[in-house]
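Chain order of the listed sequences is D, H, U and Z. Counted from 1, the first sequence has number 404 at position 404 by UniProt numbering; the numbering is strictly sequential. Counted from 1, the second sequence has number 59 at position 59 by UniProt numbering; the numbering is strictly sequential. Counted from 1, the third sequence has number 32 at position 32 by UniProt numbering; the numbering is strictly sequential. Counted from 1, the fourth sequence has number 200 at position 200 by UniProt numbering; the numbering is strictly sequential.
Just so you know, the hints here were simulated from the structure itself, not pulled from any lab data. Please read these numbers as outputs of a predicted model, since none were measured by experiment. Incorrect hints may have been included.
No copy is singled out in the list; a pair is fine if it fits within one copy or between any two copies.
As the list claims (entries may be wrong) - Keeping only pairs whose Cα atoms sit at most 20 Å apart, straight-line, the calculated EDC-like set for lysine to aspartate or glutamate is:
#1 K273 - D446
#2 K355 - D230
#3 K326 - D65
#4 K241 - E110
#5 K305 - E442
There are 4 protein chains.
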Amino acid sequence: MTEQQAVRTNLNIAYIGGGSRGWAWGLMSDLASEPTMSGIVKLYDINQQAAEDNAAIGNSIYDRDEVKGKWKYEAVPSLEQALQDADFIIISILPGSFAEMYSDVHLPEEYGIYQSVGDTVGPGGHVRALRTIPIYAELAEHIKQHAPHAWVINFTNPMTLCVRTLYEVFPGIKAIGCCHEVFGTQKLLAQMLKEMKGIEDVQHRTEINVNVMGINHFTWIDKASYKGIDLLPLYAEFADKYYREGYEEHHYGPWHENVFRSAHRIHFDLFKKFGVIAAAGDRHLAEFMPGYWYLKDRETIARWKFSITPVDLRIEKGEKLFQQSKRLVTGEEAFNLKKTGEETIAIMKALLGIKEFVTNVNIPNQGQLGNVKHGAVVETNAYLSLNSVRPVMAGELPSQVNSMVNRHVYNQETILRAALTKDRELGFAAFANDPLVTIAPEQAKDLYNKMLDNTKKYAPYG
Amino acid sequence: MTEQQAVRTNLNIAYIGGGSRGWAWGLMSDLASEPTMSGIVKLYDINQQAAEDNAAIGNSIYDRDEVKGKWKYEAVPSLEQALQDADFIIISILPGSFAEMYSDVHLPEEYGIYQSVGDTVGPGGHVRALRTIPIYAELAEHIKQHAPHAWVINFTNPMTLCVRTLYEVFPGIKAIGCCHEVFGTQKLLAQMLKEMKGIEDVQHRTEINVNVMGINHFTWIDKASYKGIDLLPLYAEFADKYYREGYEEHHYGPWHENVFRSAHRIHFDLFKKFGVIAAAGDRHLAEFMPGYWYLKDRETIARWKFSITPVDLRIEKGEKLFQQSKRLVTGEEAFNLKKTGEETIAIMKALLGIKEFVTNVNIPNQGQLGNVKHGAVVETNAYLSLNSVRPVMAGELPSQVNSMVNRHVYNQETILRAALTKDRELGFAAFANDPLVTIAPEQAKDLYNKMLDNTKKYAPYG
Amino acid sequence: MTEQQAVRTNLNIAYIGGGSRGWAWGLMSDLASEPTMSGIVKLYDINQQAAEDNAAIGNSIYDRDEVKGKWKYEAVPSLEQALQDADFIIISILPGSFAEMYSDVHLPEEYGIYQSVGDTVGPGGHVRALRTIPIYAELAEHIKQHAPHAWVINFTNPMTLCVRTLYEVFPGIKAIGCCHEVFGTQKLLAQMLKEMKGIEDVQHRTEINVNVMGINHFTWIDKASYKGIDLLPLYAEFADKYYREGYEEHHYGPWHENVFRSAHRIHFDLFKKFGVIAAAGDRHLAEFMPGYWYLKDRETIARWKFSITPVDLRIEKGEKLFQQSKRLVTGEEAFNLKKTGEETIAIMKALLGIKEFVTNVNIPNQGQLGNVKHGAVVETNAYLSLNSVRPVMAGELPSQVNSMVNRHVYNQETILRAALTKDRELGFAAFANDPLVTIAPEQAKDLYNKMLDNTKKYAPYG
Amino acid sequence: MTEQQAVRTNLNIAYIGGGSRGWAWGLMSDLASEPTMSGIVKLYDINQQAAEDNAAIGNSIYDRDEVKGKWKYEAVPSLEQALQDADFIIISILPGSFAEMYSDVHLPEEYGIYQSVGDTVGPGGHVRALRTIPIYAELAEHIKQHAPHAWVINFTNPMTLCVRTLYEVFPGIKAIGCCHEVFGTQKLLAQMLKEMKGIEDVQHRTEINVNVMGINHFTWIDKASYKGIDLLPLYAEFADKYYREGYEEHHYGPWHENVFRSAHRIHFDLFKKFGVIAAAGDRHLAEFMPGYWYLKDRETIARWKFSITPVDLRIEKGEKLFQQSKRLVTGEEAFNLKKTGEETIAIMKALLGIKEFVTNVNIPNQGQLGNVKHGAVVETNAYLSLNSVRPVMAGELPSQVNSMVNRHVYNQETILRAALTKDRELGFAAFANDPLVTIAPEQAKDLYNKMLDNTKKYAPYG
């Protein structure tokens, strides 16, 4: 017997939201590049045509020479069929449509509340959660029934509440939430090493070692190192140097030409205020702080050098992907194999016992994050091995940060209960306490009601 | 041997802040009314003349017939002398003078930040804490050295941080913090029984049973009963009935004629929002919520029918007490024996093993309040017996309230560390995160600096 | 409205094991003596005739003048009928018959294992638990279905595992376990006050204040006081004085004439070894320690001056009660009203909100007992009020005692799982680790198998 | 800048017990084989000549070609000098001499108590701890004063109490305890793969992935895998196959020819009883169980196929090493470079940030081991990176094992307190509760006193 035993064939992946464009194609590329695993991917989507198109695209590359991981793709008409015999369940869905997203992000602007992303916290994140939780509650029930031993990997936002709902409804579930926001901060640290020390070609994921602590999109790093170099003192210098003007990753072009980017001024400001490195993009971070800090009005936002991501632009991008999808199905355009930088494959390999590793994941707190409620979903490092995800003890956030993190942790617990019990008033208690909702409760109630109306197709309340 | 053994003579009380007017006289009255204890009270005050005046006043009643508890009063010139051989240490001081208090309460108004009390949280509470913590750190050191086995009963605000500092500096201390704010809510419940059920003469402390949970001035009641009647449903009706107009305790006169009172509209609003009874006065409660809720501006305050307590009025009141003090010393005015309704005597009796009882106290969390950091000072019921204060497990606040409570818990931890390490920047992290500080961090920094300047005599920072 | 509201009529008590003789009659006496409550008691027993006899006996006193609490008694043929509309459920049953008890207690003697009681731990307690757990699991299911809001008061042994099973099967249950063993130690302390200080007529339950910590029949007291007197130093003297000869409560007659009594030598020895007061009878305490300490052989037992309670004697006593029962039903003998000293009535009054109080109860650990697993059933003080049992934080046992307590805590957890999953091997892991099982595992297995055979009617295992 | 930065020169190692023979030479070999680190090793030993001999031996290899890691060795006359500027402190001492060890191991045999090793638990481990704790308390004080930021790596037994003492005395210490017993079980699993599956050349440390849980020498594995193969079911078969006859690792020769080995019958028996893999050698495991299980008498020991390691043999071995030492110093014998298989080097590299890894270590419990007291020193996996040791959450031992583990955890806490406060009676409470002390307390006291007398040079008690 030899090395070969560390190979798994006949694997079964259920992909919920399998009609997604872009994201699904990335997964196909990643699977194709990995020689140790093969099997079938069952694509399930409420838009079945999209799932079928993706199956066609996925199968089109099977015979290519450069494809090392051989996977068959099949669009299935029901969740049950997708889940049947699954080893892994990947969930990446859009809860609701762009219409609801538009309301989430832009309606609050009428009340003076600006949101840069609107999918995690703030009024938009809140209402998106109310829409998503019932879907995830149903998913959890199905997984319990049809695939209780499968590993579930979630990519949908709001990440924390998606994973939290899965565990609430099916406590025995084996689910983790994965997000690349921390990677972005590791990239920034790699850039810093080049900028400040002239060190080139740092591999940000494998060579920048970080201790991650917090909740998704509001994670913090209190220890970071690169080959024995402590990066915290260097970051302090880096933050000082670029605090006023911001830092541009020049290879991306100017930050203001890309609504997903920023000049990291919030990164630097938070470090100077709190002494630990905020580990998500500025656009996400801004939404976790009181509204009058970074998102007071358009001038403030411009001054802090980050963008509001308009939903129009997402719609436009979606349309382009749809057109591309048609070309890929017909063969008019060849599928471009290209690794995404996501870690889905590495995670699967670890859970299969092929190669253990340590990475950051979103799972319920068992004590890995000190002074945060047990059971709340937190993001820290974990050690992944055969059929096992064991958190690494991350320690405790400094009190000045924990105050803000726990505010959200308990708001999220409230939102969860409100969504599961359809208690509109309870939901409002969390809404009014959100840091972006910097208006009197009476006005906040008015906004809340309008937003709920706009999402009632997905989350009908009282 | 008989009942007599449940009597303690030769007790030794150290009274820190023993020159206080009004409050000290209340204690004298209460001690005089209790037959089971006697001994000496050593008065220590930085204003030694005031302590001496109080000693004279206290001793003047010794021989009166109606005095059942015989106590000698002695003004001592040093803390050490006060603490020597103490069985109990009572602390009730004014940290700083009215000048600092004026800045605490009124300077933030220039930035649009209104405070109804300004001694617990908000900019005023914060800066008052920075002034108080060093004093309490020193007290703790002295107690450790001179009276490590004495029971310390604190009445000074900010209560939470006073008690927290004592335990931080001397973890072996036996200290509790006592506050009558919960009594006020029990009174309101007694009034409610009269109003809604026609039940008269309810003894609010002994007959209204409540489960107390939270931090001082921000406590909550999730269970309340009177002789088997569950008071929560009744309170729901009561809140509905008086929500719009407010409720007036008629025997006190109209609320707006007394800057320490309110029409309980915030009580009712919080109940309707959160489903549990807020157990402090409206003036205190308002300061724990985001500034744009109840304290946005003078119109909002008036609409919610409570008052800002102006420091001018405190100064005026202080002057009147000073004049009265002179008359009491000379005998021009006779000392009026009158029980205060405070529980100091009952607490002493319980700790002496004379009579056990359950009451609400402020002590470090050992688990009595769920999902609040261990070690943080919380207010719940406790069972007091011989030389022992054992918390009663209070359970957990609902998440919608816990979100707000923990925001303050961690702010207070930050303030503590900032004060003990004299870290001005760290202190600002808590300041900027205070719910009343609803302005951009840059402005907040400006306000913070001015306020620190105004208190620098007591708390010199960087 | 007046005091009268603190009265509850039309109460509904389900009495499971309602055919018991002796114990049921005591409850009837206690109920009859209490003026604030009245209603109906539904007696359910697998021996229905016994329940009917007890109903007749209970109803026979209804019209007596000295009866202040008016209760009707009704024998019901099914558990469902007993539970219907119950406010309280009292459980006091004999799991199995005297035949099984005989095997529990005396069969291990063939292997050199002696047991003084055999109903809690040791081989006898273990096998009794295996018999009892399935019964309690079924009870819990019925209570969940028919009376989920009723308060359950358990008196059956093994107490810990009875209460633990109820919560395991129905986590939402409101159950407490009550036991008078601690009362016995309080009586001993009262005797001590007379003996050592000449203080007469001490009320052991209301005047001897104790902090209770541990698991049922293996509880400890680290603080005890009487009217301000610390009883620990006095107990040290008392133990020294009577260590060698033992202490006889003379009003009971010589200890060796009563197989339920002892000369307290184990009480004194444990105090001298561990520094805290063991708060159960010597017969119970001996069984929690390694077998070679107090129960090595009959000589050792005699030297420690306590008895093994033979089951023959229990059978004989049972027969006498049966004859008395017949006389009480026919009226040949008049029912003798006499308070038992148990606290059932006081507990009911507290839970009805009539009169709050602090007493020791057996409930799952929420942190009231430090360094014992959360969820394990522990015995500490609790504060009982309207519909609420809140543990008082008891602190932590000294490590030298906690080592022994936790050994049993985890054994009990193992027994619970073994019984619920019918896993004979798992059960043996706990059996072999019991401190009384001081024989090689191979022999222990032999004994275990024989004992299980003897109880298979009630607990059939693989 | 390049790879080179992951190299550390000028490191400073303090080696306490640096005169040790054998163990020190192994470290020299390991250091010499590692190219990324170099510096100085300061050898401190109460036997200074031995330290000087070792310095000479260590320096003798400096110029050899095959030596990749260049280290200078210096014998220093005081602890202070050793600790000055230390980056790492390695502790490997013999507490007391062979005379004390002889008493520890063999004196209890006079009372019918047999010990296979006698250095961890049992009477021998207990008394060895009493001797060791004062030494470690003093070490901790010195480290606090002279090298508070150094990493301390302990190899001395009793491991748990050594590390526990360091943290008790200097809570800020950065210490870990390292032991190779788990490696042995991984080797057994590698052998199993060959035996049962024909898989050769398995790297036991890097390829056998295990989840470690417990306390040193009493650790357990509930998950084990090799390249995706779950090893637990295979171990069940393996245990069944070899349960009766035992398993011989043939390359070692027959077990009974080596007093450090066994035929793994206890390994198999514990697995069959408890369902998890015991992860230490049989000789250690036997001592944690009740004495009447495996160590009842010499016949029982022989039947279970393991050995008592006689101290005579250790003395003999020591003498041989002393002679070898002389030859190495004079150059009569050449130093043989040979890797030990210990992980000291890998641990140092990880703590320097050169290469992160996951390994099992002994550190205070922060929650990594469920339902074991926080602060107790436990052995689980941890993730080691730059200046950081973060436990991996190991989960919870099954209750049937936790009962035994916690018995020792609290005994160890008692021993610690007894040793630090020199409380002979308190120490006896733990002694009498040790599972090997299966005699009546009176006899146990006699043995305890004799053993303490024999060690009084190192641990003088009242």
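How the hints compare with the structure:
1. K273 - D446: Answer is between; shortest inter-copy Cα gap is 15 Å, intra-copy 34 Å.
2. K355 - D230: between (27 Å within a copy, 14 Å between copies)
3. K326 - D65: neither (24 Å within a copy, 66 Å between copies)
4. K241 - E110: Answer is neither; intra-copy 37 Å and inter-copy 34 Å both fail.
5. K305 - E442: between (32 Å within a copy, 17 Å between copies)
The earlier numbered hints that this structure contradicts are 3, 4.
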